[in-house]
Amino acid sequence: MKFLHDLLEKQKPMFEKGGKLEKLYYVFEAGETFMFTPPEVTKAKGVQVRDAVDLKRVMMTVVIALLPAIVFGLWNVGYQHHISTGEASSVGEQFWIGIQLALPIIIVSYAAGGIVEAAFAVFRNHPITEGFLVTGILIPLVLPATIPLWQVALASAFAVLIAKEVFGGVGMNILNVALTARAFLYFAYPAAISGDSVWTYLGDAATVDGYTGATFLGLAVEAQKAGQPVADFVANSVLWASSSQDVATNSFLGLIPGSIGETSALMCLIGAIVLIWTKVADYRIILSGVVGALAMGFLLNIFAGDHTYLAMPSYYHLIVGGFAFGIVFMATDPVSASQTSTGKWIYGALIGVMTVIIRVLNPAYPEGIMLAILLGNVLAPLIDHYVVSANKKRRLKRATV
Amino acid sequence: MSNNVRLKQGFDIKLVGKAEESIAKNIDTTTRFAIKPEDFPGMIRPKSVVKVGEKVKAGDPILIDGKLDVIKYTSPVSGEIVEIQRGERRKLLAIVIKADKQIEYKEFPVKPIDQVSAEDAKAVMLESGVWPQLIRRPYAIVADPSDSPRAIFVSAFDSHPLAPNYEFTLKGQEKYIQAGIDVLKKFAPKVFLGQNGAKPSALFDGIVGVDKNKFTGAHPAGNVGVQIHHTAPVTSAADVVWTITPEGLAQIGKLFKEGKYDAKKVIAVAGPEVDKPEYVETYLGASVDTIAAAKIKSKNVRVVSGNILTGYSIPKDGFLGYYSNMITALSEGNKARFFLSDGWLAPITNRLSFHKAFGLLGGTSKEYALDTNTNGQDRPFAVTGSFEKVVPMDIYPMYLLKAILSYDYENMEALGIYEIAEEDFALCEFIDVSKHDIQKIVRQGLDTMRLD
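Chains U and G, in that order, are what the protein sequence lines are.
Be aware that the first sequence starts at 1, since it is given in UniProt numbering, and climbs by one per residue.
Be aware that the second sequence starts at 1, since it is given in UniProt numbering, and climbs by one per residue.
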């Protein structure tokens, strides 16, 4: 690979100070360092060797943890299409539909956000960092396959600009960038990202009789209005529930309508195992999030009375909607989450509890995880502040002993 | 507090090239020596008190700090001053001595230790050149003789990568170590000795007059700062303690037993690029040229004075640092790595990582021949919670570092700046995904607090 490196090195003077394309130095550098880890060595003072890890590798680990969800998502888009239209089709055809729909969304997300990143690097003269490697794929995964591409571009650019770059770039942001993109679309263009009709791609085909396209969470609200137990109501009202498995199994596997990458709790679980094993995500957040959601769901069961949504078994909260995806891939973003270990327990639990509260008690927002994580992001510095204050007090107390 | 402390946090960097316990023959390590002001971070106005061509004996002053001139930095050997190296703006870099074949020692009149007063002991220690072995905390600088420390701490083992084994390098010097402790007890009511909980010590088990504690765990269990934290922590700027290494103790002991400044030292020559790693006998500040010529065969090599975490790079004819007890040789990692073959996306088995990210398949238990490549570039802090796993103290490293970077005096103080030295955060620097110069940041924080 030496010739390739030499070739790149030869172009370098053009981008360096005084060169014709001096302004684009960091764009060139990003490309070069993508291909080749630079021959940089440790300084004369300080540690003489460095850990083999770098931020690129950490980010890549997250992308790899996302792969099961991505692959499943691509397939499920096509699978849902065929359920809704009643066509028989092979797995290959189902994938093909998913690829046709989702790949453009992924490309647009990377391109739009990437351009904003690169522009900031050029204007502000700093290196392009690899944070967007993950954000760029998270954004498409939390959007429905039917989302217009211009909205994807707008959301991705908005998120990078407003949620990240104005705070100073990677590591400085307060809110999770990918979720900001989703929240932006949710509030700016609600028609394309909420309701019953957006979750399944129909194309030119007509739906089969009785198909609603509603998500579990949407139906849960309906079930409550009708006064019927949620699981039964869902089972009786949608096609995807009338397959051989029961509602819970379908939800766990992810054979349901929803955003491209977040329907399958199983795939999120695989991702979680990868992230926890590699310690890229903190298990504390995931665990306390799950416990928080279960506990809140259970608490609501106690006070349910004849409110059927309150009476829904709490484990449903883990497998329906975007909870699994959110708690595994969004809440664990180390920059916007709590940074102290104690803080992470509180932060995760808060998100779990808030998700269930928003879902069940606020009919305006059927999905709670997005708002719960954003709220958690906002509160994370405060949680850390108190944890660190406790440490300071403990240290101070030691002084007077 | 408990006198048997188990530390859960920490990390051992296992390197190829551990020194065998034998002394290399046929290497003449007694040619040129140097004292370098940069070895003393607290020194404000380094001044040479000798001229080129002047003759000195071992123990004759050659360097002082213009701001604190009672402490004499003396020549480790007898010989002729051959060079005074200066850098930009005439900054003093090193005073070089060409050693005599037979070392002559300046004589210091000493009485038996039990008859020496604290004042007399202090005077002779300041004059002879052993004083800079005493380091003060807070700030991790050479001890100020006008302080009266609350306690003195000694770590009886070095847990750094490939660090020399004191049991070998100080073999037979128990009586000097004991004498050193007896002298130091004149300055502080308590002397604490932190021993390795995993191994009994022939050298220290018989030492008396000290409070012994045992520490078990990975590096930095042997760091004196960690031991202070778990024994009797430093709590404020006014809460002064001193620290000293066993080598320093032996030097002081010899001064009081024999009336001379003996800077003789057994150092380890170790690391992946060393041919038959073993120990050599020399004096403090020795030129490493003969050692490098005899022990390092390959070309693209970095010679480090000290260990790979806290040492610094020196040329192949450079000089050993004042506090260094080893030389490490590593290959320079100055080559670009293609992302798919051995770069950031490739599976890697030959480089060590504390982390377990994708493709880092080497594990942490085998020995590595690491090089000096940074394996990545400077990035903003974006990963949290890892520093806490290698700092066995009740401190939030990331918050402390951020307080330092923002000159937040109040928070630096509250978050523990007084308890730490560069070496205590060196592992953070090693594992840092964002490749920051963390020890430099720590020093900046210590200087900020000290000079304010």
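Honestly, the hints are just simulated from the structure, not real lab data.
Errors might be hidden in some of the hints.
[To be verified] Calculated lysine to aspartate or glutamate pairs in the DMTMM-like style (CA-CA distance at most 20 Å, straight line):
hint: 1; chain 1: U; residue 1: LYS45; chain 2: G; residue 2: ASP437
hint: 2; chain 1: U; residue 1: LYS45; chain 2: G; residue 2: ASP120
hint: 3; chain 1: G; residue 1: LYS67; chain 2: G; residue 2: ASP447
hint: 4; chain 1: U; residue 1: LYS397; chain 2: G; residue 2: GLU413
hint: 5; chain 1: U; residue 1: LYS393; chain 2: G; residue 2: ASP394
hint: 6; chain 1: G; residue 1: LYS299; chain 2: U; residue 2: GLU40
hint: 7; chain 1: U; residue 1: LYS393; chain 2: G; residue 2: ASP378
hint: 8; chain 1: G; residue 1: LYS335; chain 2: U; residue 2: GLU29
hint: 9; chain 1: G; residue 1: LYS435; chain 2: U; residue 2: ASP246
hint: 10; chain 1: U; residue 1: LYS397; chain 2: G; residue 2: ASP394
hint: 11; chain 1: U; residue 1: LYS43; chain 2: G; residue 2: GLU388
For LYS335 of chain G and GLU29 of chain U, compute the direct alpha-carbon distance and say whether it is at most 20 Å.
With a Cα-Cα distance of about 16 Å, the restraint between LYS335 of chain G and GLU29 of chain U holds, given a limit of 20 Å.
Below or equal to 20 Å on CA atoms is what counts here, so check LYS67 of chain G against ASP447 of chain G.
holds (15 Å)
Hinted pair, alpha-carbon criterion (20 Å max): LYS393 of chain U, ASP378 of chain G. Please report holds or violated.
violated (34 Å)
For a C-alpha distance cap of 20 Å, please report whether LYS45 of chain U and ASP437 of chain G respect it.
Satisfied, since the Cα-Cα distance of roughly 9 Å is no more than 20 Å.
Restraint check for LYS393 of chain U with ASP394 of chain G, where alpha carbons must lie at most 20 Å apart
holds (12 Å)
Does the structure keep LYS299 of chain G and GLU40 of chain U at a Cα separation of 20 Å or less?
holds (18 Å)
Between the alpha carbons of LYS397 of chain U and GLU413 of chain G, is the straight-line distance 20 Å or under?
holds (14 Å)
Are LYS397 of chain U and ASP394 of chain G close enough, with their CA atoms no more than 20 Å apart?
holds (13 Å)
Can the restraint linking LYS43 of chain U and GLU388 of chain G be considered satisfied, given a maximum Cα separation of 20 Å?
violated (24 Å)
Compare the distance between the alpha carbons of LYS45 of chain U and ASP120 of chain G with 20 Å, and conclude whether the hinted pair is satisfied.
violated (38 Å)
Is it true that the CA of LYS435 of chain G sits at most 20 Å from the CA of ASP246 of chain U?
violated (50 Å)
Violated hints, listed in ascending order, are 2, 7, 9, 11; each of the other numbered hints is respected by the structure.
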